[in-house]
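Engineer: As they're listed, the protein sequences go chains A and B. Start counting the first sequence at 1; every next residue gets the next number (the working numbering). Start counting the second sequence at 1001; every next residue gets the next number (the working numbering).
Certain hints may be false.
If you want a taste of the chain B side facing chain A, the calculated C-beta under 8 angstroms gives, among others [stated by the list, open to error]:
| no. | residue |
| --- | --- |
| 1 | LEU1009 |
| 2 | ALA1016 |
| 3 | LEU1018 |
| 4 | ARG1024 |
| 5 | PRO1026 |
| 6 | ALA1039 |
| 7 | ALA1043 |
| 8 | VAL1054 |
| 9 | SER1120 |
| 10 | LEU1121 |
Simulated from the structure, these hints should not be mistaken for lab results. All C-beta atoms in this analysis are idealised placements derived from N, C-alpha and C, irrespective of residue type, glycine included.
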Amino acid sequence: MSKTESRRPVVVVDNVKVTFRLFASGKRISPSTARVKHKGRLREVEALKGISLVAYEGETIGVIGTNGSGKSTLMNAIAGLIAIDSGAVYASSRPSFLGVGAAMIRELTGEKNVILGGLALGMSRTEIREKYDAIVDFAGLRDFIDLPMKTYSSGMVERLKFAIAAAREHDILIIDEALAVGDQDFRRRSEARMRELARNAGSVFLVSHSMKSIMDTCDRAIWLDAGLMKMDGKAVDVCRAYSEYVGAPLDD
Amino acid sequence: MTNLSSEQLTTLAASAKLKRVGKRQPIPSYIVDTWNRRAFAAALARYQLEASTVKSSLGVAWLVLVPALQVAVYGLIFGMLLGSSRPANYLPYMITGIVLFQYLSGVFTDGAKSITGNYSLVRSLNFPRMLLPVSAVLSNLYRTVPLVGLMLVTLAILGEPVRVDWLLIIPVLALMTVFGTGLAMLSARLTVHLADLNQLIPFITRVAFYVSGVFASVDKIVAHYPSLAIFMNGNPVHAFLVIARGALVSGYAAGAMDWVVASAWALATLLFGLVFFWLAEERYGRNV
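Construct the complete structure from the given sequences, taking the supplied hints into account.
Structural biologist: What follows is the structure, encoded as structure tokens:
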């Protein structure tokens, strides 16, 4: 691992542990209900068992691991969207997820969803007006933008979501499997846009099951396994080790 | 793997001036942040309203029609039930009561759902969570303003003299909005801790409806049961109805003291709601 003391750290993850305490019913225990005696039916799931890492300025870090290895939990902890049980996450600015899906309303036109999604991401109305044409063209939805979003195919919706989220520069960006959407042409354009975002961003985390897109876009990769950091190093090395581990040949 | 110890990581973070993620902001910058993002709260309120009416053929008209029908039904039922013990100038009295009451009950009910009903939003995007109860208030304000217009027209048709005093409905609505914002933040946080509270909310609004002098004067009830005076008179909803009727309904007057009481309720509730909501800012959306 290269010594990078001269570069500026933008994200520091210090021994983060996350445990989900659940009733057998799947209901999460809140501090107020935890006092109630449910000992027998209690389940504890250790999602992260102490993860530390430092991300430096300009780094694009791939995050790999099998389902349930803690990838999404770690990303949520970095973004500050879930509570961590011990440890801490420090960042130069609040990390944001590349995604606006939750803010969108299916009954409304694509146009209104561009405005709402943009505002949800923290853009100003003027900024949205300036970027509106670029967003619509990037999504390739010029002819359908005045139709309600519920009339769109799932691919069209995904394209619109990506186009809105990618219209804005982010300091620290977390992308969860965003590249798996759309057709070949859209995938090519979104990968290019992603690399552009990464160049301008402080640092990018890319969660993906595709070793090819990790190796294409990332210089570094981390491999999570059962809530622990199994490997952290050059993307090519980590992807190769992971592929051997899961017994699938590296698709290149 | 990072071979730095926890102390080294903390020092590294401090020397690079990194901030701890998810830590609650101090309240002044939290308010400034919320203010800067107000366009999002307004758009969310407008678009959610629009989406809720898109399926029916009368569309947004329903937002005014439903409460108007409610006024008609209540007016008929309580008008008959109360008989001779009706408050003076009954129809204008009852109409102002019900129209303004539905604003506050709507704010309280929608505020309670503003965090719990928007978990996907809270879990995937970073913004001051206060925007959600604020958006619930705005959504109710957008519905109430045309309804108040309709109410004024109805009062004029019923023979109420159109007076300059009617303009006072603007500060009345402003004070109710200040109060409602505090109320929405209160119910927003309470339902996060206690989801079961959502079941009680219709019950709470119903009780408030009966004890706030919406359709019948509280004075008569208090005369019979003096021990209830505290619930009836020390009641913010009643305080707003008093100043509203003073401005709109002939035969009812509101003095300077009534305005002071209503303003005090509005400001105190806003401040309390604000601090109460902010204290749990880092917990919204995380404990489910």
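Engineer: Each hint needs a verdict: does it hold in this structure or not?
Structural biologist: Cross-check of the supplied hints:
no.	hint	result
1	LEU1009	holds (4 angstroms)
2	ALA1016	holds (5 angstroms)
3	LEU1018	holds (4 angstroms)
4	ARG1024	violated (11 angstroms)
5	PRO1026	violated (15 angstroms)
6	ALA1039	holds (5 angstroms)
7	ALA1043	holds (5 angstroms)
8	VAL1054	holds (5 angstroms)
9	SER1120	holds (4 angstroms)
10	LEU1121	holds (5 angstroms)
The earlier numbered hints that this structure contradicts are 4 and 5.
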